[in-house]
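Take these sequences, add in the hints, and give me the full structure.
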Amino acid sequence: MSFYATPSQQRHLRACMVCAVVQPHTKFVREGCPNCENVLQLAGNTDAIEECTSQVFEGLMSIGNPTVSWVARWQRLDNYVAGTYAAKVTGILPEYIISSLEDSGIKFVPRDGSMDHDEAQDA
Amino acid sequence: MSNFLNHDYGSEEEDDDFNPAPVDDSDAEDSKPQKRRPSAEAAGNDMKYNRGSAQDDDDAKNDDEEEEEEEEEDNGNEDDEDEDEEEEDDEQAVERPRKRRRGGVHSFFEEEAGVDEEEDEAEDEEDELAEFGTEMHPDDLDALPAGAETDDRRHRQLDRQRELDATMDAEKQAQMLKERYGRNRAAAADALVVPKRLLLPSVNDPSIWGCRCKPGKEREVVYSIQKRMEERPANSRNPIRLISAFERGNIMQGWFYCEARRQSDVTDALEGIAFYYPSQKMTLVPVKEMPDLLRVSKSEELMPGGWVRIKRGPYQGDLAQIEEVETNGLMVTVRLVPRLDYGMNDDNAAVPAADSKRKRTAASKNKPPQRLFSEAEAKKKHSKFLSAASGLGGKSWNYLNETYVDGFLIKDMRVQHLITKDVDPRLEEVTMFARGGEDGVANLDLASLAETLKNSTAEDSYQPGDPVEVYRGEQQGLVGRTVSTRRDIVSLQVTEGELAGQTIDAPVRTLRKRFREGDHVKVIHGSRFLNELGMVVQVKDDTVTILSDMSMQEITVFSKDLRLSAETAQDGQVGIHDVHDLVQLDAATVACVIKVDRESLRVLDQNGSVRDVLPSQIANQIPSRRDAVATDRNGAEIRNGDTVREVLGEQRNGKILHIYRSFLFLHNKAQTENAGISVVRTTNVVTVSARGGRVGGPDLTKMNPALARQNPMGGPGSMQPPQRGGRDRLPGQTVSVRSGRYKGLVGIVRSADSDSAQVELYSINKPVHLPRDILVPKDPVSKRTLDIGGRPASRVPSYSGPGSQGSSAWQGSRTPMAMADSSRTPAWSGAPSRTPAWQGMIGARTPAWKNESGRTPNPAYAEGNRTAYGNLGGRTPAWHSGNRTPRDPSAGHDAFASGSRTPAWNAPGSRTPAWSGGMTHHRDQRDFDDAPTPGGNYSAPTPDGFGAPTPGASAPTPSGWADSAPTPGGAYSAPTPGAMPKRGGYDAPTPAAYDAPTPAMGVPATPGAGYGDDDGGPRYDDGTPSP
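Protein sequence lines correspond, in order, to chains C and F. Here the first sequence is numbered in numbering that gives the first Met the number 0, starting from 0 and rising by one per residue. Here the second sequence is numbered in numbering that gives the first Met the number 0, starting from 0 and rising by one per residue.
Please note that the accuracy of each hint is not assured.
[As the list claims (entries may be wrong)] Interface residues of chain C toward chain F, partial, derived using beta-carbon atoms under 8 Å:
1) 9
2) 11
3) 42
4) 46
5) 58
6) 67
7) 69
8) 70
9) 73
10) 74
11) 86
12) 113
Just so you know, the hints here were simulated from the structure itself, not pulled from any lab data. For clarity, every value in this text was computed on a predicted model and none was experimentally measured. Cβ atoms here follow ideal geometry from the backbone N, Cα and C, with glycine treated the same way.
Below, the structure is given as structure tokens:
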């Protein structure tokens, strides 16, 4: 399971709005999201991929060892698989996805920077 | 699991705080590694685990040592490279310090029974504490009796253990539930969100190094690293020890960051990575700044009604209003003011296909202006692309696959193709979007505009001394003056209220400038009113209405764009144009500037109409010619500075400011309107007084044809065609470069000014600037060198007088003055009354087709002088203007079309010899008709036309004539003898014989009757101006 994307694939990258994993669109179709597949069920579901992933993202990060990495911890990726992630994913998850996430016990943290802003203000 | 750990982590830290006893300190040290082990297990990181157990022995031995080392590391002593190297082996162990003390079997049990492990550890702790106890608490030992001391400690430990057990029970339950129901890691991970401040990096975390790479290639570098990490995993022979790598794109261009324990890990990992710059030293990111590296700021939330700009495409840079945002926030429907030409410029596409690419780029450069969609215009040429759609409410059109509603273009765009930051919409841009209301401004949602602008407030908007007001936030209502600004924080000194005199800081977005009615202000930003000065007449929230000093108009701008100003307004100048300057508006129009506004000029043109023009509409400024001369009604010479009076009409009088062809621009100080300027014709004025007491009356020497003939080379300087003053003939020419870097290359002139020209070379697909004097005009087809300078000695007989006929003819017919005045050129004036045909002959005889479109002049030359006509045809500007469809063979305008490609077509045809020729020689209509041939010759697309040696003029097949009556090309469709049988009579093959066919043609072939032989359309007879 390689996360490497060839330059030609790099044009079709998408980032999962839940876990920020970055993969080519084809890989989302084929394998789904490596972290949130059981909730989002993206594999083979192009519509769901459109809804739950975004091609607008910034700050690519390649996480080799999520458990050790502070970067992964800070980005709340420490329980995800090693791979490529985005620092910021722009896009809005549909309401029903968020509620289904919550039903599965996941507190959805938006990855579009809005959380950071709030916290920065709190601090 | 990890998340309870994190949680635990926090709470334990708190415990530490609450128990300041030194014993707890040592506990805390233990507790950290404790937490880590389960987390590693939870993540199933076998690799780590293996390594850990393999090194158990080492760990046990070096227990104390490692502790020290760890502390060292904690203190950031990595600089000590020697030590680092020595301890390399140990360091790996440090990651998992001291925890792997037990043997392999034991660890198996640990895994199987996590709770037991905790208990064991608790016991361990006790043991440790017991061991260390005496060492660590000498004070306690001294101070307390032995029994009491140990009891106390036991108590506390018991408490701690119970606490631990209690939490572990809950954890265990949760764990079980999760294992049973929640199979997803995400669920486990995010069920409880740890506040970011608890995630802040510590010295124990890996370090981050910033490395340089080629700007723009950050992402590729990260992917290369990713690839390498996958190729060389941790258990491989030569593992990559990078923990992570990331980039921040545009925020930190040319940088990427690597997270690793040691710098050497980074260096190893990056060896040979493409685009990485190893020569530039990598920098260690201080722990404090690490969160900043990963800070993301939320992009502007796009809301319907907000403003964005388009990043690329034909609407690049245009302001757009958001109509709708799709729920995923990635697709946006925007409203744009269309830029359409409705196919009006498609004629240009008639050039060969090879040019199509260049054409497109050229076209993209000059975008059509923004205008609301007009279905009427679209129907003109593009009705096939237009279809009405039944919209709800407004009319909606579908044109070229785009939707237009209420005149606006409605377009779906991706967010990444929009500029959402620093949009800074200008008021006049926004007013275009004001929907349908009678007064657009009223309809304008200034509030939403202000909101957009808020975030784009330029840093320099606030300058020290500006009166400001805090209008939102806690400090709302404070009024003060800015003292200093730094980034988006403004320090202001409060001037009113309780806080008066204090200096406070406020973010820019909570501030607005404060003005009062009557303040004199200057516009310093953002709108087309830039630099306008005026007085504030109304302040409403963010918007300030000021009365401009200059235009006395009320303008509304945002307060942030204003500054107090003590300056007083002065008349602006638009570029180089000044009042009373003479400017060229288009080929046929000149005008005198009568008012200079900020962005526009008011001019009085030669026809006496006043209009406002933009500087961009001015082709060039006509330099004042001191020696310009004209004759008044009585034939008296008049010059600049003379005072003249109009004899008819309003009897205006004034001093001559400019002489332009037959128009005089007079200046009369007593007249207030139009800045004292009026325009009259030379033929309507009489001299009142000549400047410098010149003797009035006509200068007979110049009018005497005999004298002029003695000097057939056009002796009087005034007869030379003006080198400037008309349109520049160079643009559009095919030229070759005579010297320099591009020597020998051929291209097309895009634009030109007085000494340089922008040339698009055929071979290099980019425009280059070249001095004019190294450009040689070429015929685009034959590549022969052309002379477009208006001095074609041999070709313009009437002019340079190779034929005595020509010169005498025109001299006889016209006064030199009139000749010099190029306004008489048919092309220039454009009025049919000025066509040579007319002048040269009786108007009634002009065939219908001639009148059609100012093509008339051509025919004239044919007869006048064979030598000249090819050439002359080319020189007539009328050709040019008449030809709108140069390459459309079906239109039958071939002759003209080709005419347009005639090298000389844009030569200054002002002096068409045709004229003179016409006067003297034209005997018959037919002859005139013949004339267009030359135009055909030059660029006749069919080879046979080219090669045909017969002077077509003399032998038009009568049969061909009719159909092509409007198309001269058709008229000469039968230049070869083969065509003749029909009529059989027109075989005058040489120019010398030009007289011969005249009668014959005239008689049998009425213009409408028989010329239209379409098949011959493109065939032209010989047009070479051979003799």
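So, going through the hints one by one against the coordinates:
1. Because the beta carbon of residue 9/C sits about 7 Å from the nearest beta carbon in chain F, less than 8 Å, this interface hint is met.
2. The closest approach between the C-beta of residue 11/C and any C-beta of chain F is roughly 13 Å, which is over the 8 Å cut-off, so the hint fails.
3. Using the Cβ-Cβ criterion of 8 Å, the hint placing residue 42/C at the interface with chain F is not satisfied: the shortest such distance is roughly 14 Å.
4. With a cut of 8 Å, the hint placing residue 46/C at the interface with chain F is violated, because the nearest CB-to-CB distance is about 11 Å.
5. For residue 58/C, the interface hint holds, the least distance from its beta-carbon to any beta-carbon of chain F being 5 Å, beneath 8 Å.
6. Of the supplied interface hints, the one on residue 67/C holds, with its beta-carbon coming within about 5 Å of a beta-carbon of chain F, less than 8 Å.
7. Nearest Cβ of chain F to the Cβ of residue 69/C: about 4 Å, under the 8 Å cut. The hint holds.
8. For residue 70/C, the interface hint holds, the least distance from its beta-carbon to any beta-carbon of chain F being 5 Å, beneath 8 Å.
9. Hint status for residue 73/C relative to chain F: holds, with the closest Cβ pair at about 5 Å, below 8 Å.
10. Because the closest C-beta pair between residue 74/C and chain F is about 7 Å apart, less than 8 Å, the hint holds.
11. The closest approach between the C-beta of residue 86/C and any C-beta of chain F is roughly 6 Å, which is under the 8 Å cut-off, so the hint is satisfied.
12. For the restraint placing residue 113/C at the interface with chain F, the shortest Cβ-Cβ distance is roughly 5 Å, inside the 8 Å limit, so the hint holds.
The structure fails to meet hints 2, 3, 4 from the earlier list, while all remaining hints are met.
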